[in-house]
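Quick mapping for you: the protein sequence lines, in order, are chains A and B. According to this note's numbering, the first sequence is numbered sequentially starting from 1. According to this note's numbering, the second sequence is numbered sequentially starting from 1.
Note that these hints are calculated values from the structure, not bench results. It is possible that part of the hints are untrue.
What the hints assert, rightly or not - Only part of the chain B face toward chain A is listed, based on derived beta-carbon distances under 8 Å:
hint, residue
1, Glu9
2, Arg10
3, Asn50
4, Arg131
Said to hold, decoys possible - Here are a few chain A residues that sit away from chain B, every Cβ distance over 12 Å (derived from the structure):
hint, residue
5, His14
6, Thr124
7, Pro216
8, Ser282
9, Phe305
As the list claims (entries may be wrong) - Calculated lysine-lysine pairs in the DSBU-like style (CA-CA distance at most 35 Å, straight line):
hint, chain 1, residue 1, chain 2, residue 2
10, A, Lys315, A, Lys251
11, A, Lys182, A, Lys200
12, A, Lys288, A, Lys200
13, B, Lys35, A, Lys200
14, B, Lys35, A, Lys37
15, A, Lys315, A, Lys200
We put the beta carbon where it would ideally sit given N, CA and C, even for glycine.
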Amino acid sequence: MRPFLYSRADGLDHAVQLAREGARPIAGGTNLLDLMKLQIEAPERLVDINRLPLGGIEPDGEGVRIGALVSNSACAADERIRRDYPVLSRAILAGATFQLRNKATTAGNLCQRTRCYYFYNIDTPCNKRRPGSGCSAIGGFNRIHAILGTSDACIATYPGDMAVALAALNAQVEITTAQGRKRHVPVRGFHRLPGDTPEKDNVLEPGDMITAVALPPPAGGRQIYRKVRERSSYAFALVSIAAVVRMEGGKIAAASLAFGGLAHKPWHDPRIDELLAGAMPSDALADKAADLLLEGAQGYGDNDFKIPLARRALKAVLREATGDAA
Amino acid sequence: MPLTINGTERTFDGDPRTTLLDYLRRDCNLTGTKKGCDHGQCGACTVLINGQRINSCLTLAVMHDGDAITTIEGLGDPQNMHPLQAAFVRHDGYQCGYCTPGQICSAKAMLDEAALGWPSFVTPDITGEVRLTRDEIAERMSGNLCRCGAYSNIVDAIVEIMEAQR
Ligand SMILES: Cc1cc2nc3c(=O)[nH]c(=O)nc-3n(C[C@H](O)[C@H](O)[C@H](O)COP(=O)(O)OP(=O)(O)OC[C@H]3O[C@@H](n4cnc5c(N)ncnc54)[C@H](O)[C@@H]3O)c2cc1C
Ligand code: SF4
Ligand code: FES
Ligand code: FES
Numbered sequence: 001m002r003p004f005l006y007s008r009a010d011g012l013d014h015a016v017q018l019a020r021e022g023a024r025p026i027a028g029g030t031n032l033l034d035l036m037k038l039q040i041e042a043p044e045r046l047v048d049i050n051r052l053p054l055g056g057i058e059p060d061g062e063g064v065r066i067g068a069l070v071s072n073s074a075c076a077a078d079e080r081i082r083r084d085y086p087v088l089s090r091a092i093l094a095g096a097t098f099q100l101r102n103k104a105t106t107a108g109n110l111c112q113r114t115r116c117y118y119f120y121n122i123d124t125p126c127n128k129r130r131p132g133s134g135c136s137a138i139g140g141f142n143r144i145h146a147i148l149g150t151s152d153a154c155i156a157t158y159p160g161d162m163a164v165a166l167a168a169l170n171a172q173v174e175i176t177t178a179q180g181r182k183r184h185v186p187v188r189g190f191h192r193l194p195g196d197t198p199e200k201d202n203v204l205e206p207g208d209m210i211t212a213v214a215l216p217p218p219a220g221g222r223q224i225y226r227k228v229r230e231r232s233s234y235a236f237a238l239v240s241i242a243a244v245v246r247m248e249g250g251k252i253a254a255a256s257l258a259f260g261g262l263a264h265k266p267w268h269d270p271r272i273d274e275l276l277a278g279a280m281p282s283d284a285l286a287d288k289a290a291d292l293l294l295e296g297a298q299g300y301g302d303n304d305f306k307i308p309l310a311r312r313a314l315k316a317v318l319r320e321a322t323g324d325a326a
Numbered sequence: 001m002p003l004t005i006n007g008t009e010r011t012f013d014g015d016p017r018t019t020l021l022d023y024l025r026r027d028c029n030l031t032g033t034k035k036g037c038d039h040g041q042c043g044a045c046t047v048l049i050n051g052q053r054i055n056s057c058l059t060l061a062v063m064h065d066g067d068a069i070t071t072i073e074g075l076g077d078p079q080n081m082h083p084l085q086a087a088f089v090r091h092d093g094y095q096c097g098y099c100t101p102g103q104i105c106s107a108k109a110m111l112d113e114a115a116l117g118w119p120s121f122v123t124p125d126i127t128g129e130v131r132l133t134r135d136e137i138a139e140r141m142s143g144n145l146c147r148c149g150a151y152s153n154i155v156d157a158i159v160e161i162m163e164a165q166r
């Protein structure tokens with residue numbers, strides 16, 4: 001690990017001030033320290049935000065506000081989250097391990113970096129790690145890589161599970177800017193596509209601090225998180241789907257679907273939700289939804305299998321969400 | 001900076017780069033906690049912080065001002081074993097023993113989490129009661145790898161203690 005200056009923030013103003021001066025926030029540390037040990041990240045200053053009053057899961061109007069520092073374990077086990085937003089509990093529980101989730105935080109989880117093998121290997125070119133050096137995954141081994149929204153510069157995926165559920169639930173990220181202003185960004189717009197600047201994972205500006213994630217009022221319906229991975233436990237998603245589907249009289253009244261493992265961000269295509277709303281569930285309908293999802297899909301060799309896999313997973317999730325079996 | 005390790009007050013004033021794992025092993029001479037992967041993947045370094053299990057390789061000592069840390073040495077010693085330690089011995093819950101301190105710390109916290117009603121990925125109804133089936137135990141212990149493959153005896157040891165606690 002490269003040397004760094006460590007400070008502990010004793011209030012949000014203090015943390016924002018340090019971040020403005022270039023300090024990198026550290027929360028659970030489970031992603032940042034991993035990357036610092038490998039010298040993929042080498043911040044000169046760290047600001048430890050763990051003592052800030054950003055814990056707690058509070059009612060927020062009809063919805064719920066989850067503090068940036070709430071641990072993934074506490075969030076998944078929270079009674080309201082389990083009852084009113086089960087897809088979020090399920091998605092969190094599908095990721096990592098109890099040990100890691102006890103440390104991992106809401107904000108840190110959102111900001112976790114890609115698991116692209118070349119990003120992790122400092123001896124290989126990678127535009128995300130070293131802009132302009134090239135992408136080793138294009139033309140290399142790319143089993144875990146993206147099939148949607150890629151660019152010639154980067155085909156990495158956002159690897160997280162929690163954010164996929166937050167995208168399906170249409171949650172908002174609450175941010176305090178370097179100037180001390182508050183702004184809200186929908187989770188659906190928080191992560192970005194790689195384009196020409198894959199070094200930027202999300203829309204945070206230097207000095208921005210995430211303070212909370214706000215969930216809208218409970219959507220009800222059937223909520224499913226399906227994660228397809230190499231092993232049945234403790235591995236990142238090849239494809240994942242978060243689905244919130246409400247049925248009424250045999251028809252789909254409302255649906256909201258988000259996809260993990262396919263792109264540089266949790267993938268949400270509003271056309272799919274629109275197609276499903278008001279429709280009678282059927283195999284043909286599920287195929288149409290998959291057509292929309294995969295319209296622009298492109299495989300890079302080793303990850304070609306994700307295209308049929310995403311279709312199968314989507315059809316299975318829709319069957320489960322709309323079927324009679326509870 | 002003060003912290004408590006196995007009930008003893010200590011002061012950390014080392015390089016901020018020191019992980020909690022290295023601090024325990026190197027500076028506190030508590031070598032029960034093991035270093036496997038050093039990247040959060042194997043669980044050999046599992047310790048309890050304020051009762052919760054974490055990977056000590058992925059946290060900095062300097063971040064634990066005022067925290068109470070329990071390592072395997074704090075759970076029990078050969079003369080006075082923790083029930084889980086004794087059960088691991090009875091059930092042959094290890095072969096080389098490298099993963100064992102992490103397994104036992106993890107199992108201790110796992111039983112506490114289940115008692116609080118925390119669900120896992122395999123819990124059928126996450127709003128219902130938690131029943132620690134073998135599948136549940138395996139999923140909840142999935143952060144502790146055992147290269148010797150002693151998994152089934154590990155689960156046996158945990159089941160015995162779980163039933164004794166009821
Ligand atoms: C072995 C292993 C397996 C894993 N498996 C999975 C998995 O299956 N699914 C999954 O989703 N995840 C998985 N993870 C990743 C894990 O979920 C993340 O490491 C964790 O969520 C990161 O949270 P943290 O609080 O520790 O973040 P940190 O490491 O503290 O920070 C991560 C990033 O977020 C930034 N940050 C933190 N807090 C803030 C804030 N308030 N404002 C602005 N920026 C902030 C930091 O600067 C840093 O860039 C795994 C990790 C490991 C090590
Ligand atoms: S896919 Fe992205 S992260 Fe991976 S090597 Fe290419 S540029 Fe780097
Ligand atoms: S040494 Fe910490 S998890 Fe492997
Ligand atoms: S007993 Fe050898 S690694 Fe588990």
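Do the hints match the structure? See the list:
The interface hint given for Glu9 (chain B) is broken, as the beta carbon of that residue sits about 19 Å from the closest beta carbon of chain A, more than 8 Å. A cut of 8 Å between beta carbons decides the hint on Arg10 (chain B): the least distance to chain A is about 18 Å, and the hint is violated. Interface hint status for Asn50 (chain B): violated, as the beta-carbon distance to the closest one in chain A is roughly 10 Å, over 8 Å. About 16 Å separates the beta-carbon of Arg131 (chain B) from the nearest beta-carbon of chain A, more than 8 Å, and the hint is not met.
Distance to chain B confirms His14 (chain A) as a non-interface residue, since its nearest Cβ pair spans about 16 Å, more than 12 Å. Separation of Thr124 (chain A) from chain B is adequate, the least Cβ-Cβ distance of about 18 Å exceeding the 12 Å criterion. Residue placement check: Pro216 (chain A) keeps its beta carbon more than 12 Å from all beta carbons of chain B (closest about 20 Å). The Cβ of Ser282 (chain A) sits about 28 Å from the closest Cβ of chain B, beyond the 12 Å cut-off, so the non-interface label holds.
Phe305 (chain A), annotated as away from the interface, keeps every beta carbon of chain B farther than 12 Å; the closest lies near 24 Å. Distance restraint check for Lys315 (chain A) and Lys251 (chain A): the Cα-Cα separation of roughly 16 Å lies within the 35 Å cut-off, and the hinted pair is therefore satisfied. For the given pair, Lys182 (chain A) sits about 21 Å from Lys200 (chain A) by alpha-carbon distance, which is consistent with the 35 Å threshold. The straight-line distance between the Cα atoms of Lys288 (chain A) and Lys200 (chain A) is roughly 33 Å, inside the 35 Å bound, and the hint therefore holds.
Taken as a hint, the Lys35 (chain B) and Lys200 (chain A) pair is honoured in the structure, with Cα atoms around 33 Å apart against an allowance of 35 Å. For the given pair, Lys35 (chain B) sits about 14 Å from Lys37 (chain A) by alpha-carbon distance, which is consistent with the 35 Å threshold. For the hint linking Lys315 (chain A) to Lys200 (chain A), the alpha-carbon distance of about 33 Å falls within 35 Å, and the restraint holds.
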